[in-house]
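Chains A and B are the protein sequences, given in the same order.
All residue numbers for the first sequence refer to this note's numbering, where the first residue is 1 and numbers rise by one.
All residue numbers for the second sequence refer to this note's numbering, where the first residue is 1 and numbers rise by one.
These are computed hints drawn from the structure, not numbers from a lab.
Note that CB positions come from ideal geometry on N, CA and C, so glycine has one too.
Some hints could be false.
Incomplete in silico selection of chain B near chain A, CB under 7 Å [as the list claims (entries may be wrong)]:
#, residue
1, Val-149
2, Val-157
3, Met-165
4, Ser-168
5, Val-170
6, Gly-195
Every beta carbon over 10 Å from chain A, so not counted as near; a handful from chain B, in silico [as the list claims (entries may be wrong)]:
#, residue
7, Ile-22
8, Lys-48
9, His-53
10, Ser-57
11, Leu-64
12, Leu-106
13, Glu-122
14, Phe-132
15, His-134
16, Asn-167
17, Glu-182
18, Asp-194
19, Thr-198
There are 2 protein chains.
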Amino acid sequence: MVDPIPVRRGRPGYDRAQVLAIAVALFNEQGYDATSVADVAARLSLSKSALYHHFDSKEQLLALALDEALSGLEGVLDAPAASAGSAAERLAAVLHGAVAVLVDRLPYVTLLLRVRGNSVIERTALDRRRAFDHRVTALVEEAQRDGLVRDDLDGAVATRLVFGMVNSLVEWYRPGGPVDAERLAHDVVAVSLDGMRTR
Amino acid sequence: MVDPIPVRRGRPGYDRAQVLAIAVALFNEQGYDATSVADVAARLSLSKSALYHHFDSKEQLLALALDEALSGLEGVLDAPAASAGSAAERLAAVLHGAVAVLVDRLPYVTLLLRVRGNSVIERTALDRRRAFDHRVTALVEEAQRDGLVRDDLDGAVATRLVFGMVNSLVEWYRPGGPVDAERLAHDVVAVSLDGMRTR
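This is chain A alone, in the form it adopts within the complex:
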């Protein structure tokens, strides 16, 4: 295989995090399956062998990228705010934290949300997503038992709906755009827990 653009030598080096970020941007632009290691190397103006100095394979880039998204989301459930206060307060903290992770790690979460289970790495990521959803559903159901969340909603469906709202941010939210991240997290928590209607 030949690199599509000439390899420029003497450019400043990239660290692993930068290489990963650029690879993920490319995966999101043109699809993971359609992106080759040569494409990633070309985008970095590195030779393939220089890229292999950082990473063993395209699969490793994918695994690390998906872990970046998933460990962020799992960290929200493991944070002190997710285990202090009422189940409704913890749910608010989890939703707020999930929006913060999505905003902070937007390209990684975007990639995660496109995973369809085409490989062991993708299926492992889907299993972790599912485990995350189950922990949130358990929190919603606890809040229902405590009378804090209305019981005319199915806990699993409500969790899917609310994370459907959170995840839809990848379609339009752009850092530095007109919508402030903190304000966005507020609006997501406000609509999820209290709805649009005045009380």
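Fit chain B to the known structure of chain A by using the hints.
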């Protein structure tokens, strides 16, 4: 080009709606750009010329499919329920109607949500989607002026969040599955307008 599987003759004929439905299923499975007219013909066990008896081009199939989704959504805003009662009641009717259209026309809405503006047909569809969003945002803002929707939310952001929730249904809702469509529409309206928290 040669059809990838033999053309079986004497099969019962398809009407235009059936051909369109099968083409849309294929577009959703493997992507519109990656699907050829020959692929659609093969799925139907028709020759390409028999397919051209129904439709002029792949672009025409796309345009009709996107119109199926968009005219459904626009119909919700034009229905009597969307112009009777308070702005909050009309908003509830629009959300309920949008879920009903999504459930009824799931493959068409799925296709619409994947459109990225790669052609005139796609850009026209995106313009119609945007016009729909603007009409819903105007309704949210009217409800805010009437004191029926909380004014600490940005109307356009709230509309995006709530339609993010509605549109996320294409990721997991399946007709005939464990979640009833009418119940789902109830849950979407309930969470959007009144939130998960007990009042």
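Results of checking the hints against the structure:
This hint holds: Val-149 (chain B) has a C-beta 5 Å from the nearest C-beta of chain A, less than the 7 Å allowed. Annotation: Val-157 (chain B) was flagged as interfacial toward chain A, and the flag holds, the nearest CB pair being 5 Å apart, inside 7 Å. Because the smallest distance between the Cβ of Met-165 (chain B) and any Cβ of chain A comes to about 4 Å, under 7 Å, the interface hint for this residue holds. About 3 Å separates the beta-carbon of Ser-168 (chain B) from the nearest beta-carbon of chain A, less than 7 Å, and the hint is met.
Proximity of Val-170 (chain B) to chain A is violated relative to the hint, the smallest CB-CB distance being about 10 Å (cut-off 7 Å). Annotation: Gly-195 (chain B) was flagged as interfacial toward chain A, and the flag holds, the nearest CB pair being 4 Å apart, inside 7 Å. Annotated as non-interface, Ile-22 (chain B) keeps its C-beta farther than 10 Å from every C-beta of chain A; the closest such distance is 22 Å. The Cβ of Lys-48 (chain B) lies farther than 10 Å from every Cβ of chain A, with a closest approach of about 26 Å, so its non-interface assignment holds.
The Cβ of His-53 (chain B) lies farther than 10 Å from every Cβ of chain A, with a closest approach of about 34 Å, so its non-interface assignment holds. Taking the minimum C-beta to C-beta distance to chain A, about 25 Å, the non-interface status of Ser-57 (chain B) holds against the 10 Å cut. The Cβ of Leu-64 (chain B) lies farther than 10 Å from every Cβ of chain A, with a closest approach of about 25 Å, so its non-interface assignment holds. Residue-level check passed: Leu-106 (chain B) sits 15 Å from the nearest beta carbon of chain A, beyond 10 Å.
The Cβ of Glu-122 (chain B) sits about 15 Å from the closest Cβ of chain A, beyond the 10 Å cut-off, so the non-interface label holds. Listed as outside the interface, Phe-132 (chain B) is consistent with that label: its C-beta sits roughly 15 Å from the nearest C-beta of chain A, beyond the 10 Å cut-off. Every Cβ of chain A is farther than 10 Å from the Cβ of His-134 (chain B); the closest lies at roughly 14 Å, confirming the non-interface assignment. Interface exclusion of Asn-167 (chain B) from chain A breaks down, the closest Cβ pair being 7 Å apart, not more than 10 Å.
Look at Glu-182 (chain B): its CB is around 13 Å from the nearest CB on chain A, clear of 10 Å, so calling it non-interface holds up. Interface exclusion of Asp-194 (chain B) from chain A breaks down, the closest Cβ pair being 4 Å apart, not more than 10 Å. Listed as outside the interface, Thr-198 (chain B) is inconsistent with that label: its C-beta sits roughly 5 Å from the nearest C-beta of chain A, within the 10 Å cut-off.
Violated hints, in rising order: 5, 16, 18, 19; the structure is consistent with all others.
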